[in-house]
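Q: In full-length UniProt numbering, the protein residues as written are 1 to 468.
Watch out, some of these pointers could steer you wrong.
Claimed, not checked - Here are the computed lysine-lysine pairs in the BS3-like style, where the Cα-Cα straight-line distance is at most 27 Å:
no., residue 1, residue 2
1, 232, 174
2, 174, 153
3, 153, 232
To be verified - For each label pair, taking beta carbons as the anchor points, the in silico distance ranges come out as:
no., residue 1, residue 2, range
4, 10, 254, 40 to 48 Å
5, 160, 261, 34 to 42 Å
6, 2, 197, 44 to 52 Å
7, 288, 215, 53 to 61 Å
Because the hints were derived from the structure by calculation, they are not lab data. Keep in mind the model is a prediction, meaning the values are calculated, not measured. Backbone N, C-alpha and C define an ideal beta-carbon position, used for all residues, glycine too.
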Amino acid sequence: MDEISRKVLGTIHQMLQRLTSSENLTPEQLTEVFMAATALGYQMARMDYPAEALAQSQSAEVALAGSAVSGRPRLASPDWTSLPGAALCAAIEAGQIGDDPKTLRHIRDLLVAYHLPMDPMINVGTRATYDGGRGDGHGEGEKALVGELEPIKLEAWLRAHCHISPDGNVASLKRLMGGYSKATYIANITDGTTNNAVVIRKDSPGLPTGSSVAAEFPILEAMADIGIPAPKPLWIEPDATLFNGAFMGVSLLSGIPANRIVPTERGAQRRWAQSTAELLARLHTLTAQPEVDIRDSLAIEIDGLEARMLERERSPHPGLLLGIRWLRGNFDRLDGRPACRIHGDFGFHNMLMEDDHINALLDWEFSRIGDPVEDLASIKPFMDQIESWDAFNHTYQANGGFAMDRRAEDYFAVWQETRNMVACIGSLNSLLLPGMMEMPLAVAGTIYIPKYEIAIFDAIARAENRNG
1 MDEISRKVLG
11 TIHQMLQRLT
21 SSENLTPEQL
31 TEVFMAATAL
41 GYQMARMDYP
51 AEALAQSQSA
61 EVALAGSAVS
71 GRPRLASPDW
81 TSLPGAALCA
91 AIEAGQIGDD
101 PKTLRHIRDL
111 LVAYHLPMDP
121 MINVGTRATY
131 DGGRGDGHGE
141 GEKALVGELE
151 PIKLEAWLRA
161 HCHISPDGNV
171 ASLKRLMGGY
181 SKATYIANIT
191 DGTTNNAVVI
201 RKDSPGLPTG
211 SSVAAEFPIL
221 EAMADIGIPA
231 PKPLWIEPDA
241 TLFNGAFMGV
251 SLLSGIPANR
261 IVPTERGAQR
271 RWAQSTAELL
281 ARLHTLTAQP
291 EVDIRDSLAI
301 EIDGLEARML
311 ERERSPHPGL
321 LLGIRWLRGN
331 FDRLDGRPAC
341 RIHGDFGFHN
351 MLMEDDHINA
361 LLDWEFSRIG
371 DPVEDLASIK
381 PFMDQIESWD
391 AFNHTYQANG
401 GFAMDRRAED
411 YFAVWQETRN
421 MVACIGSLNS
431 LLLPGMMEMP
441 LAVAGTIYIP
451 KYEIAIFDAI
461 ARAENRNG
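Construct the entire structure; sequences and hints are all you get.
A: Okay, structure coming up:
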């Protein structure tokens, strides 16, 4: 990076850092500024990477992996085989690198040393996250971005599909905070004498996670049938070509996002634990499928993760390869496990709370027939945050829930880090589509990819340590 670029970008970065201390920004604006400052700082360090540090990293990689070349170059990056980490990936694919803890620790340390000049917090993996939001918001009157839903087009679609009368209109449309793979809007729709607010979920271009609202819509219908508090599905457009992504309309439910009002008072914490545990137990028991072996569908999903990696990966990630290999090699941990409908991302960020009770469970894109322990493992860190895991687990069990299994819990910890890393690689691909300018994709597609890679190593180490 030349000196002029360094000065200009450095000045902008300092300005963004000062804005993070501003008291005049909304929480949404503050989150976006913080994300922008972090992403810019990361890219500046990447563009100005120390030559000596790169040479040391390459030397350490050759010492560990030799100069092997992968037989599976990645479709998204013609020069993939010449980038840092490619020799390690080739050695892993060839079976020259095993799963012994010492070797995995060595690779982890090598990757941490490589990423440290760009991310000083890389060593803690995904434990370094943002507070207050996971996306950006766009208000009315702002220039529409690629893939953005627009009021006039939405109104025409609603009228053409008889969801509003010829005189009906979309009075306002506002994009909300949150989401790396789906955009969420609130539409105020006026039709005659009625005025209704509808939530619209729209796929991001490129499907970063590989999932679509077209698959989520029937799940919401099924949840409505059994009385699980989730948004009521209203209508769907599965054709992604109309507005650069499929979209659906669902009911607007009352409540406050749980991650914004995490309680500190002991009584409220217990009520949160009881309410969420009762809901999860109801979901799992009502949808139990005793004859299903979850390993069959999980094997297909792991194949899908690998396929998306080969299609989308732009730089080598040995940790991702090791994660996929470990998941395939540890299916025995799931022998005889129960199967039911799981949410797949059960945490405070997907809950609406009202009077210390869960009023709605949102974002069902990862839902499937799976192991109930995956939801339990997802919620446990949140319950630990409010010192209520024991109370949660007691209530869950008392309402017919399934037993927590340590080996399965450890398995799905590796699964979630691996799945999320592949989703972030998808975010980077979506960001690079023509005209795309999305802060969540910029952050997920750069900063979070190496964080998840380190987290995969840590999850494998915890699983093996507890197994020993």
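Q: If a hint holds in the structure, say so; if it doesn't, say that too.
A: Now for the hints, and whether the structure bears them out:
no., hint, result
1, 232 - 174, "holds, 20 Å"
2, 174 - 153, "holds, 14 Å"
3, 153 - 232, "holds, 23 Å"
4, 10 - 254: 40 to 48 Å, "holds, 46 Å"
5, 160 - 261: 34 to 42 Å, "holds, 40 Å"
6, 2 - 197: 44 to 52 Å, "holds, 51 Å"
7, 288 - 215: 53 to 61 Å, "violated, 21 Å"
In summary, the structure is inconsistent with hint 7 from the numbered list given earlier, while agreeing with all the others.
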